[in-house]
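Undergrad: Here's the letter readout for the chains.
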Amino acid sequence: MEPSRMFATDSELAAQAKRGDPTAYEELMRRHWETVHRVAYAITGYHDQADDAVQECFVRAYLALARYDENQAFAPWIKGIAVNCSREVVRSHKHAGHEAIDEMLLDPGKDTVARVAASQLQAVVRQAIAQLPLKQRTAITLFALEEMDLAETAKVMDCAVGTVKAHLHRGRQKLRGLLSDCLEEI
Amino acid sequence: MNCKQARRLMQDILDGTQADHAELDGHCAECPQCRAEWRQLQALDSAVRADVRCDVPVARRDRVIAAALHRIESQQGRAARSARWPKLVTAAALVIVAFSVGLGAGRTVWPREVTVTKTVKVTEVHEKIVEVEVVQEKVVIKRVPVYKTRIVYRDRKVPEVASVAEPQREPVKCDEILVYLASSPIAATARVTNEVQPAEVLDAGESDESPATQGHWQPPDATTTASAGAEMVIAQKPPDY
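From first to last, the protein sequence lines are chains A and B.
In terms of my numbering, the first sequence opens at residue 20 and continues consecutively.
In terms of my numbering, the second sequence opens at residue 47 and continues consecutively.
Worth flagging that the hints you see were computed from the coordinates, not collected in a lab.
Take these hints with a grain of salt, some might be off.
[To be verified] Listed next, the in silico BS3-like pairs over lysine-lysine satisfying Cα-Cα at most 27 Å (straight line):
1) Lys50/B - Lys184/A
2) Lys193/A - Lys164/B
3) Lys184/A - Lys174/A
4) Lys154/A - Lys164/B
5) Lys174/A - Lys154/A
6) Lys154/A - Lys184/A
7) Lys154/A - Lys193/A
8) Lys174/A - Lys193/A
9) Lys174/A - Lys37/A
[Unchecked claim] On the chain A side, residues computed to face chain B include the following (Cβ under 8 Å):
10) Arg38
11) Pro41
12) Glu45
13) Trp52
14) Val73
15) Phe77
16) Tyr81
17) Gln141
18) Ile148
19) Leu151
20) Ile159
Every residue, glycine too, gets a C-beta built ideally from N, C-alpha and C.
Make the full structure from the sequences, and use the hints.
TA: Rendered as structure tokens:
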């Protein structure tokens, strides 16, 4: 990667990508890959579906660069596209539940026992999240990301702040009912 | 603070709109149900955040980014090709369409001006006299059967009726008939009649005539025909057919 690209802001890279520079857009994709994939995986519940949603999100974002305002932040803008792509993938597949625990054990670099325990808890939580309605699931997963607050979540979901709060409250109550047995042990 | 207010405060703290926990902690110290609920909600929030922030393998990331770049490049190439040959493609498409239309009509035509009609829905219909240009006058030949009411008579040959071949002579007067008849081979008598008197059959012994002349009329002599006032019968020999 070029040194100039390392210190360029998202807006500058977006401007270069608008002018037809593919390497600038590749840098943008590498920067926001993790966040976009988390959003997609949280909504779809499957890694393969999340990959499809992420790929579609990046292609649409590139084609829509002409409409991107360089004065606004790039992260919320591409997260909104990721949410829409993930919803479309969910509607097209209509799968229920999440992947098995085995795939979580493939992550190297961690203690096996702790990894298994964490994986089992995460698998249970993931399965419970997958049972939520799409809007509640989207609101909970988006708000769970570090850089997202109510205002940004509402902007990404294209709804009011009060609507996001309602989705969060109902989602949490339903998760609490689904994970009541597990939560007592925590 | 009651339990309902405490639950609302729990949600506000988790949403990040309320930072002060003192009032909620004071209520939870007195209410075991709210204390259990608040602990569960906090654990749930932590679990969800941990699940969402899980690490993604690097290989998966490189594969997805490469696939996205390939799709972007292919769409850019398709757009560039279409931008480079817009007029040629449009012209070729028009030629193909015109040629196809000509083939469909049964004949080959070159591109020419095409009239496009547009169907428009009319909500109200008004009667209006419109002058229509006559494009083509078609001559209609109507054949009417003519029945012949006049009967044409052709010249027919009138059957020839056998007539007595009479010698052409001048008509004679009645008083001259006797004279005429006297010289004619026809048997002359004083009375004119159409009856055919049979020939008098003479006895063969008494007659000196030959059998060939028997039964035939013999011209009377002058003594029998010259008397005046005597009834004379004219008998005509039936004609030989």
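Undergrad: With reference to the structure, classify each hint as holding or not holding.
TA: For each hint, the structure was consulted:
A threshold of 27 Å between alpha carbons decides the hint, and for Lys50/B with Lys184/A the separation of about 17 Å falls inside it, so the pair holds. At roughly 58 Å between alpha-carbon atoms, Lys193/A and Lys164/B are farther apart than 27 Å, so this suggested pair is violated. For the hint pairing Lys184/A with Lys174/A, the CA-to-CA distance comes to about 13 Å; that is within 27 Å, so the pair holds. For the suggested pair Lys154/A and Lys164/B, the alpha carbons sit about 46 Å apart, so the restraint of at most 27 Å is broken.
Restraint check: the Cα-Cα separation between Lys174/A and Lys154/A comes to about 14 Å, which is no more than 27 Å; the hinted pair holds. In summary, the hint linking Lys154/A to Lys184/A is supported, as the alpha carbons are separated by about 11 Å, within the 27 Å threshold. In summary, the hint linking Lys154/A to Lys193/A is supported, as the alpha carbons are separated by about 13 Å, within the 27 Å threshold. For the given pair, Lys174/A sits about 24 Å from Lys193/A by alpha-carbon distance, which is consistent with the 27 Å threshold.
For the proposed pair Lys174/A and Lys37/A, the alpha carbon gap of about 23 Å is at most 27 Å, so the pair holds. At its closest, the beta carbon of Arg38/A sits 13 Å from a beta carbon of chain B; the interface hint therefore is violated under the 8 Å criterion. The interface hint given for Pro41/A is met, as the beta carbon of that residue sits about 7 Å from the closest beta carbon of chain B, less than 8 Å. Annotation: Glu45/A was flagged as interfacial toward chain B, and the flag holds, the nearest CB pair being 6 Å apart, inside 8 Å.
Nearest Cβ of chain B to the Cβ of Trp52/A: about 5 Å, under the 8 Å cut. The hint holds. Taken as an interface hint, Val73/A checks out: its beta carbon lies about 5 Å from the nearest beta carbon of chain B, inside 8 Å. Because the closest C-beta pair between Phe77/A and chain B is about 4 Å apart, less than 8 Å, the hint holds. The restraint placing Tyr81/A at the interface with chain B holds, with a minimum CB-CB distance near 5 Å, inside the 8 Å limit.
At about 5 Å, the closest approach between the beta carbon of Gln141/A and any beta carbon in chain B falls short of 8 Å, and the interface hint on this residue holds. Taking 8 Å as the C-beta cut-off, the interface hint given for Ile148/A holds, the closest approach to chain B being about 7 Å. Against a cut-off of 8 Å between C-beta atoms, the interface hint on Leu151/A is violated, since the closest Cβ of chain B lies about 11 Å away. With a least beta-carbon distance of about 6 Å to chain B, the hint placing Ile159/A at the interface is held under the 8 Å criterion.
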